[in-house]
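J.: As given, the protein sequences belong to chains Z and U, one line each in that order.
Just so we're aligned, residue 183 is where the first sequence starts under this note's numbering, counting upward by one.
Just so we're aligned, residue 9 is where the second sequence starts under this note's numbering, counting upward by one.
Bear in mind the hints are in silico, worked out from the structure with no lab data behind them.
A portion of the hints provided could be inaccurate.
As the list claims (entries may be wrong) - Keeping only pairs whose Cα atoms sit at most 20 Å apart, straight-line, the calculated SDA-like set for lysine to any residue is: (1) Z:Lys-250 - U:Asp-36; (2) Z:Lys-250 - U:Pro-34; (3) Z:Lys-250 - U:Glu-39; (4) U:Lys-173 - U:Val-233; (5) Z:Lys-250 - U:Ala-35; (6) Z:Lys-250 - Z:Ala-274; (7) Z:Lys-250 - Z:Arg-215; (8) Z:Lys-250 - Z:Ala-212.
One letter stands for each residue in the lines below.
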Amino acid sequence: MVPGDARQAALDSRLLTNLRRGALEYCVLALLRNGESYGLDIAHALSADGVLITSEGTLYPLLSRLRKSGLVATSWRESAAGPPRRYYKLTADGIAALAAFERTWEPFRNAVDRALKGAR
Amino acid sequence: MNTADRRIAEVERYIHELAIALSGLPADEREDVIAGIREHIDGSLLAIADPTSADVQRVLDELGDPLAIAADAGAPAAAASRPPGTGTTPPSRAATPLSGAASAPRQDSANVPLLERDWVPMAVIGSFVLAGFFVWLGGPVLAFAAWLVGLVGLLASPLWHAVEKLFGVVVFVAGPAIVGGLVLGYVPGRGLFRDNAGPRVTDSWFGGYGAWPHLFELATAGIVVVLLAAVGAWLLARGSARARGSSRVRGSVGG
Numbered sequence: 183m184v185p186g187d188a189r190q191a192a193l194d195s196r197l198l199t200n201l202r203r204g205a206l207e208y209c210v211l212a213l214l215r216n217g218e219s220y221g222l223d224i225a226h227a228l229s230a231d232g233v234l235i236t237s238e239g240t241l242y243p244l245l246s247r248l249r250k251s252g253l254v255a256t257s258w259r260e261s262a263a264g265p266p267r268r269y270y271k272l273t274a275d276g277i278a279a280l281a282a283f284e285r286t287w288e289p290f291r292n293a294v295d296r297a298l299k300g301a302r
Numbered sequence: 009m010n011t012a013d014r015r016i017a018e019v020e021r022y023i024h025e026l027a028i029a030l031s032g033l034p035a036d037e038r039e040d041v042i043a044g045i046r047e048h049i050d051g052s053l054l055a056i057a058d059p060t061s062a063d064v065q066r067v068l069d070e071l072g073d074p075l076a077i078a079a080d081a082g083a084p085a086a087a088a089s090r091p092p093g094t095g096t097t098p099p100s101r102a103a104t105p106l107s108g109a110a111s112a113p114r115q116d117s118a119n120v121p122l123l124e125r126d127w128v129p130m131a132v133i134g135s136f137v138l139a140g141f142f143v144w145l146g147g148p149v150l151a152f153a154a155w156l157v158g159l160v161g162l163l164a165s166p167l168w169h170a171v172e173k174l175f176g177v178v179v180f181v182a183g184p185a186i187v188g189g190l191v192l193g194y195v196p197g198r199g200l201f202r203d204n205a206g207p208r209v210t211d212s213w214f215g216g217y218g219a220w221p222h223l224f225e226l227a228t229a230g231i232v233v234v235l236l237a238a239v240g241a242w243l244l245a246r247g248s249a250r251a252r253g254s255s256r257v258r259g260s261v262g263g
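Chain Z on its own, in the form it takes in the complex (with noise of 0.2 Å):
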């Protein structure tokens, strides 16, 4: 790799550093949208292209304040093989802030789009 390349990969990172901050606990909240899941679980679908995560452990410290902020709940669940695994699911506030979510993203996305594209 030329030095080129480096700097290029490290101002990507960062970019998507400051991108996911405001998206990535909503795409948690969508991953439970369908029923609840366990941090595994997550951390994998989340990871699986490299976008939305790319080191797994920071999921944790987040799912720590969804939970504090009431937006998700936990309970205890045996697995099949090895110890209890923690689930999460959304609750009704978690419900609410994923809609409020994909209400303002649209538009906000949209208009991110128009503006790339009106600047070439």
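Start from chain Z and add chain U according to the hints.
T.: For chain U alone, coordinates are given in the frame of chain Z:
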């Protein structure tokens, strides 16, 4: 060390590093994050038939650097405060109410009441230390002024609980009085610098005049000074922890 032990040691080292990196967080939050990470590691390794050291390393690599996780969790420097009750975030880095509490830079000190800011404990305890210095330098008026500032700060700031305030006041009033009394000779017959106070030989528990004529007084004064320092350090620690906590709580209440 066999392979299983080495795997466990690697995991424990990672958890240990994470715990240190997260030490700025409140204990419940820290334990929450660590429990989640531990479950993640256990679950990942259970899915592998016979995990090798390399497997463990891969799982830990995927989790990421403990410092990066801690930075994301807002520990320790990123404890931010936001306008209480607004539910919005500062326009800078934090983009959402949820992540804002932890990831916004510490900038909204204007929202933390004056007597709850993080420099208050240092200033209060510093005043007491300063008072001691002024006594030593021979400036009783300045010493009294600094002592009074410390005392008022300790009583006025909500960073200390009532019991801590009471304890602090008792110690910081009685302590200097005892030391002062012993050293300056206001305790009748026991003053270090008074040689005219009648039969002294029987006064001191340690034998009165000798190689160490004032051993009792010196020892007592020394113990009291050590006690003052210990109580000062304790109040500083409690106050500082609460000052950090208060800005963090404010941050999350707003969200």
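J.: Compare the distance between the alpha carbons of Lys-250 of chain Z and Asp-36 of chain U with 20 Å, and conclude whether the hinted pair is satisfied.
T.: Holds. Lys-250 of chain Z to Asp-36 of chain U sits at ~10 Å (cutoff 20 Å).
J.: Check whether the Cα positions of Lys-173 of chain U and Val-233 of chain U lie no farther apart than 20 Å.
T.: It holds: about 19 Å lies between the C-alpha atoms, which stays within 20 Å.
J.: Could you grab the alpha-carbon distance between Lys-250 of chain Z and Ala-274 of chain Z and see if it respects the 20 Å cut-off?
T.: holds (14 Å)
J.: Would you check the hint for Lys-250 of chain Z and Ala-212 of chain Z, treating anything up to 20 Å between C-alpha atoms as holding?
T.: Satisfied, since the Cα-Cα distance of roughly 18 Å is no more than 20 Å.
J.: Given the hint that Lys-250 of chain Z pairs with Arg-215 of chain Z, does the C-alpha gap stay at or below 20 Å?
T.: Given pair Lys-250 of chain Z, Arg-215 of chain Z holds - Cα atoms ~19 Å apart, limit 20 Å.
J.: Hinted pair, alpha-carbon criterion (20 Å max): Lys-250 of chain Z, Ala-35 of chain U. Please report holds or violated.
T.: holds (13 Å)
J.: Checking one constraint from the list: CA of Lys-250 of chain Z to CA of Glu-39 of chain U, max 20 Å. Satisfied?
T.: Within the cut-off at roughly 13 Å; holds.
J.: For the pair supplied as a hint, Lys-250 of chain Z and Pro-34 of chain U, confirm whether the alpha-carbon distance does not exceed 20 Å.
T.: Within the cut-off at roughly 12 Å; holds.
Hint violations for this structure: none, all hints satisfied.
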